[in-house]
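> Same order as they appear, the protein sequences are chains A and B. Under numbering that gives the first Met the number 0, the first residue of the first sequence is numbered 0, with each subsequent residue one higher. Under numbering that gives the first Met the number 0, the first residue of the second sequence is numbered 0, with each subsequent residue one higher.
Honestly, I wouldn't trust all of these hints.
Chain A stretches covered by chain B per the calculated footprint, using a threshold of three residues with CB under 8 Å from any CB of chain B [claimed, not checked]:
| id | region |
| --- | --- |
| 1 | 53-60 |
| 2 | 75-86 |
| 3 | 115-122 |
Worth flagging that the hints you see were computed from the coordinates, not collected in a lab. Positions of the beta carbon are idealized from the N, C-alpha and C atoms, including for glycine.
There are 2 protein chains.
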Amino acid sequence: MTLLVEVRDPCGLAEVVGRLGVPMQFSRDEEIHGQDEPVARLFRVVRGVVRTSRVTIDGRRQIGEFYYAGDVFGLEPGPLHRFAAEALSDSEVAVVKRSAVLQAVGEAAFNAAILDATRRELDMAQAHLLVLGRKSAVQRVASFLMGLAGRRAAGAVDLPMGRQDMADYLGLTIETVSRTLTQLQGDRVVEFASLRRFQVREWPALEALAA
Amino acid sequence: MTLLVEVRDPCGLAEVVGRLGVPMQFSRDEEIHGQDEPVARLFRVVRGVVRTSRVTIDGRRQIGEFYYAGDVFGLEPGPLHRFAAEALSDSEVAVVKRSAVLQAVGEAAFNAAILDATRRELDMAQAHLLVLGRKSAVQRVASFLMGLAGRRAAGAVDLPMGRQDMADYLGLTIETVSRTLTQLQGDRVVEFASLRRFQVREWPALEALAA
DNA sequence: CGGTTAATTGAACGCATTCAACACGAGTGG
DNA sequence: CCACTCGTGTTGAATGCGTTCAATTAACCG
Numbered sequence: 000m001t002l003l004v005e006v007r008d009p010c011g012l013a014e015v016v017g018r019l020g021v022p023m024q025f026s027r028d029e030e031i032h033g034q035d036e037p038v039a040r041l042f043r044v045v046r047g048v049v050r051t052s053r054v055t056i057d058g059r060r061q062i063g064e065f066y067y068a069g070d071v072f073g074l075e076p077g078p079l080h081r082f083a084a085e086a087l088s089d090s091e092v093a094v095v096k097r098s099a100v101l102q103a104v105g106e107a108a109f110n111a112a113i114l115d116a117t118r119r120e121l122d123m124a125q126a127h128l129l130v131l132g133r134k135s136a137v138q139r140v141a142s143f144l145m146g147l148a149g150r151r152a153a154g155a156v157d158l159p160m161g162r163q164d165m166a167d168y169l170g171l172t173i174e175t176v177s178r179t180l181t182q183l184q185g186d187r188v189v190e191f192a193s194l195r196r197f198q199v200r201e202w203p204a205l206e207a208l209a210a
Numbered sequence: 000m001t002l003l004v005e006v007r008d009p010c011g012l013a014e015v016v017g018r019l020g021v022p023m024q025f026s027r028d029e030e031i032h033g034q035d036e037p038v039a040r041l042f043r044v045v046r047g048v049v050r051t052s053r054v055t056i057d058g059r060r061q062i063g064e065f066y067y068a069g070d071v072f073g074l075e076p077g078p079l080h081r082f083a084a085e086a087l088s089d090s091e092v093a094v095v096k097r098s099a100v101l102q103a104v105g106e107a108a109f110n111a112a113i114l115d116a117t118r119r120e121l122d123m124a125q126a127h128l129l130v131l132g133r134k135s136a137v138q139r140v141a142s143f144l145m146g147l148a149g150r151r152a153a154g155a156v157d158l159p160m161g162r163q164d165m166a167d168y169l170g171l172t173i174e175t176v177s178r179t180l181t182q183l184q185g186d187r188v189v190e191f192a193s194l195r196r197f198q199v200r201e202w203p204a205l206e207a208l209a210a
């Protein structure tokens, strides 16, 4: 657990935000920051899961990313939040002003940390591009489940988001997601104990399906 | 022209790379840097157009971005190039070692510039995500043409890449791209003077189609 | 228990793909 | 100048995947 955080946070931004941040509670679907708000604070997930999303002009919803315990979010390419952030379930988030972090660690370390976090965002975005641009429904869902299960190597895995969130994230409809999950379960690749909890039965098969 | 460069390069990275860089010539489809190579240099397009691309395990090709005159490329989230870079047409590229830039401008300015460029990459990636995740073929092609035409407000616009590159970039097949272009032309929204040169006839219609 | 929301399933449709044939343009050599 | 070829782009017909719309079922919570 500690190792994971260290690996994903070589510049210490997550640690600093966690240390300086004020813990705040958010309930299911509560907004943590809004779309088009000015960027002023940094956030770190302490408990629960957070999603970033935005709505396009024609009403379609796009999920930016899902953030899990330890992850930092609130970084944006520009001065405004391009995405809103909401708690998926009841969550605890450490919140701190950017200026406070800047003051605490100095400008050089701050920039380095922001750069590092931005790089990680870019990395995720590019991985996601491959999924959306070139993968079939089964491949998308399989990749997604692998990503979730990868966080907890074996045993039952929590599926913190609903089908609609999955669908918006994967660029599919809720019906296709549902059908695909049913199919994967029918093929004994994964097994759902409940709607929000599953276990990988056949890792090689899942990897093959994720292509 | 100068204004455009300034707007897109507030931290001067493009200017520095252009100034320090050694101009190199690349012919059509020639590789500028390879996939999985270590990141050691920065590049700036002087003349021509450059594409970044990578091939997945199963042989599908993904286009990262297209870079035009003035654009900086060669930035990556990690220590290795996730994408290869190739010249689309005969091009001139200014090449400079990262270490040389670092030494020339100092660590603080270097980091700021890299951060800024990385942010722009992230911005492009997220815009692209919206296209790939939620848009139809017509919307994708229309958006793409708008993006190209936006660089040169009016008159004939150069289409520097072939249909296959467009298709890979937009997550479509070459046939669908071709059909869509034909359709847009039939609807008098755009007009192709030749295969690689077009003009926007109805801006409002094109914007509407791009959604 | 109902009442409500979320998820699944079914059937028909439509868009993009696939596979195949054809057109076009540029370059080459007769 | 024409014939030939090769690469690239276009067009056609059939298929299939994911969507759409609608109905049903399951889960959750009082």
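> Each of the hints needs a verdict: does it hold here or not?
Right, here's what the structure says about each hint:
Three residues within the 8 Å Cβ limit are the bar, and the region 53-60 of chain A against chain B gives 4, so the coverage statement holds. Only when three residues or more bring their CB closer than 8 Å to a CB of chain B does the claim for the region 75-86 of chain A stand; here the count is 3, and the claim holds. Counting residues of the region 115-122 of chain A whose C-beta sits closer than 8 Å to any C-beta of chain B gives 6, which meets the bar of three, so the coverage hint holds.
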